[in-house]
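Given chain A, put chain B in place with the hints provided.
For reference, the chains in residue letters:
Number of protein chains: 2
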Amino acid sequence: MKLEVINTGGELLLGQVLNTHLGYFSQQLLPLGVSVARAQIVPDGAVIGSAVREALSRADTLLVTGGLGPTSDDVTRELVAEIFGAPLEFNGEIWEKICAWLAVRNLTLNETMRAQALVPRGAAVLPNDHGTAPGFVLERDGQRVFCLPGPPRELCPMFENYALPLLKKITAGARPLTVKILRVYGIGESSVQERVGPEVRKIIGNMDIGYCARPGEVDIRFIAADAQQVARAAAVTQQILGDAIYADGDSTLEQTVINSAIAQNKTIATAESCTGGLVAHRLTNVPGASAVLQRGWITYSNRAKRDELNVSGETLEKHGAVSAECAREMALGALTVSGCDLAVALTGIAGPGGGTAEKPVGTLHIGLAWRAADGAPRVETHHQLLVSDRADFKLAAAQLALNLLRLKLVKAR
Amino acid sequence: MKLEVINTGGELLLGQVLNTHLGYFSQQLLPLGVSVARAQIVPDGAVIGSAVREALSRADTLLVTGGLGPTSDDVTRELVAEIFGAPLEFNGEIWEKICAWLAVRNLTLNETMRAQALVPRGAAVLPNDHGTAPGFVLERDGQRVFCLPGPPRELCPMFENYALPLLKKITAGARPLTVKILRVYGIGESSVQERVGPEVRKIIGNMDIGYCARPGEVDIRFIAADAQQVARAAAVTQQILGDAIYADGDSTLEQTVINSAIAQNKTIATAESCTGGLVAHRLTNVPGASAVLQRGWITYSNRAKRDELNVSGETLEKHGAVSAECAREMALGALTVSGCDLAVALTGIAGPGGGTAEKPVGTLHIGLAWRAADGAPRVETHHQLLVSDRADFKLAAAQLALNLLRLKLVKAR
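Each protein sequence line maps, in turn, to chains A and B.
Counting in the numbering used here, the first sequence runs from -13 upward without gaps.
Counting in the numbering used here, the second sequence runs from -13 upward without gaps.
Okay, chain A solo, but in the shape it has when bound (with noise of 0.2 Å):
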């Protein structure tokens, strides 16, 4: 299969949303064995057209993203359709389930809608469980279009429940790839690769091995058609790097934290001055964290680190709320008031503003209280600079915080 990804939206090319469909189509392809040969990304209007002509001539199977919506700038349904000489057709069956859509969120119904019940005669349906515009499938003479929507959460359900399936179906006769992801926190991309590759490849001389590094995390991904061997290389691997690997798939630090203390049955707390509440949100982001998460606090001022954590006054004074001591005390609070098994403290600096000489922009300082055998509490606490921007900041002091959680719930199994 020779496969292009044409993306179409003005806001696309104005760089005011990011383009993750890519990669999220690469992702989703190689384990049928499909590689993306080349990518669009065109504004609104006729330029759709031509970009699928051209597509057309050198690839066999198209996704085409966006303008399927109801307004006058979203035409890919119209020109995909002249291209295979389809006529649009209203369908009654989709109108419905648009309609029922609406009703059930209270929205208003107008009739520009109705251009979302438009399909190209002897078109495969593509329903959206997420939205308003179905996508579709049109084909002939072995080449095919898929049109999909552009908002990440209507696309993605669509493609993963309802293309992929028939894009199986075509590459059934290719041997399927077995993919295998090992995520790692805490040791560098180049290191990575250092430790894994030359272990990896004594064993499997020819393994396709890739890394992908995110803010203080590496993917590690084995691709082979044979699965054994990506087997081997992920045992090689896990004996290598040990408790640096957190999840065995795709799974988040945070869905990794919520189900080692789903199965140990402990309950968690946060108290957060720097982060303002992300490491809350990643845990809760997650189902089933109720049964994890008790409590949580945002102290952003010291008064109400003093009211709600009881950090001593005198801490702050001789120490800052920026330090070991406030973290400490922060943690040992958030673990007495709630009640749980395990909290987390984060203070530092995410500025832009607020460093000092001593304590520059990217200090951390991370509290962790947990409850020995006999119900006492403990405490440890870790310190980092983490120099970077303020989202980037929040973002790196939440990874070492669930981390943190993550290693003491290992530990304690």
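Since the hints were derived computationally from the structure, they do not count as laboratory data.
Because the structure is a prediction, the values reported are computed rather than measured.
Take the hints with a grain of salt, since some may be wrong.
Which copy is meant is left open, so a pair is good if it fits within one copy or across any two.
[To be verified] Keeping only pairs whose Cα atoms sit at most 25 Å apart, straight-line, the calculated DMTMM-like set for lysine to aspartate or glutamate is:
1) Lys155 to Asp127
2) Lys188 to Glu79
3) Lys(-12) to Glu40
4) Lys188 to Asp212
5) Lys252 to Glu64
6) Lys83 to Glu175
7) Lys155 to Asp293
8) Lys397 to Glu40
9) Lys397 to Asp46
10) Lys83 to Glu344
11) Lys155 to Glu344
12) Lys154 to Glu(-3)
13) Lys(-12) to Glu146
14) Lys304 to Asp293
15) Lys188 to Glu97
16) Lys(-12) to Glu311
17) Lys83 to Glu180
18) Lys397 to Glu64
Quick look at chain B alone, frame taken from chain A:
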């Protein structure tokens, strides 16, 4: 000028690296009156040559990024030189610069790096002040190709210091474009279009209007060479949509809330159950939030709601934690305990579990508390059903809460 962008590199197609070049180029080019007509992402290799040839059949100016480095997959230089019939020539001056750059950094020189000192005959060199490989421009018959490095920290200074001045000279006659973005909360994309489009076009018949929907939000984008026309279109839109417009420009809801609160010297507290800290996280993403957000609670358990926010046991028993009554008491509790000027509280069922016939997944109650002129606490509650998955529920609930804070601050002004 008709301009296209070609980004090269397998890592972009695999989504291992997010492509931020496009937005960057667009923002840099708009003041010159130039927009990106089309963008392509191609893997390393011969396909770069085809993409360049095809783009040159449509456009007069190309920005090509990546593939200028020393490794075997860096072939952009050769391919573009071949298209222009310009043989590569070794440039001693560039080579000396590369050697000096490496020496300062204690990096080892190797022979493969000599490729970076090759320049197509007749090309103008674009110096690289942040790396080894220089860029270049080749021009012929009114068409030009800019070859630029991939890494943003090398690309951006090179583009701004050396490429942009050349582009400015070429476009000196063109009229720069004015872009205006208005951000709307709480009205669907098609309603926004129906209400705004015809009214704006009554005044400016050919105004370029774009719409971009995100969860709960719509951006309206006006683009024209005539800045006055854009201003008039924006003024008409302001009249029609009023308070639904939350930002003039690309501010977020949370930026609007924090900036309004700073301007009015108001403090805010948050009390979150179902959003688990997302509202506080978003507010604290805004630099300067520490002057506004004093503290917040994540009260996931009933006990936390009682202990921290003084929600009465009777309310929890009679109405349950997901109720208007509970949201009201949470908001009042947060206001009173924190001593802040405004408090917002959220309680609901994010799912996937926990729903009942009476209170299905997606049920949300928000309490908003503030102080009247005499300092006495006031509170109102809002109820919505947000039909979506857990992540989208949290996002939409946080949007609603931030918008309620915004409207309260707007009306207090």
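For each hint, the structure was consulted:
no.	hint	result
1	Lys155 to Asp127	within (17 Å within a copy, 49 Å between copies)
2	Lys188 to Glu79	neither (58 Å within a copy, 36 Å between copies)
3	Lys(-12) to Glu40	both (14 Å within a copy, 18 Å between copies)
4	Lys188 to Asp212	within (16 Å within a copy, 65 Å between copies)
5	Lys252 to Glu64	neither (55 Å within a copy, 51 Å between copies)
6	Lys83 to Glu175	between (47 Å within a copy, 19 Å between copies)
7	Lys155 to Asp293	neither (61 Å within a copy, 56 Å between copies)
8	Lys397 to Glu40	neither (55 Å within a copy, 53 Å between copies)
9	Lys397 to Asp46	neither (52 Å within a copy, 57 Å between copies)
10	Lys83 to Glu344	between (61 Å within a copy, 24 Å between copies)
11	Lys155 to Glu344	neither (62 Å within a copy, 42 Å between copies)
12	Lys154 to Glu(-3)	between (31 Å within a copy, 24 Å between copies)
13	Lys(-12) to Glu146	within (19 Å within a copy, 37 Å between copies)
14	Lys304 to Asp293	within (18 Å within a copy, 30 Å between copies)
15	Lys188 to Glu97	between (65 Å within a copy, 21 Å between copies)
16	Lys(-12) to Glu311	neither (59 Å within a copy, 58 Å between copies)
17	Lys83 to Glu180	between (54 Å within a copy, 22 Å between copies)
18	Lys397 to Glu64	neither (59 Å within a copy, 44 Å between copies)
Checked against the numbered hints above, the structure violates hints 2, 5, 7, 8, 9, 11, 16 and 18; every other hint is satisfied.
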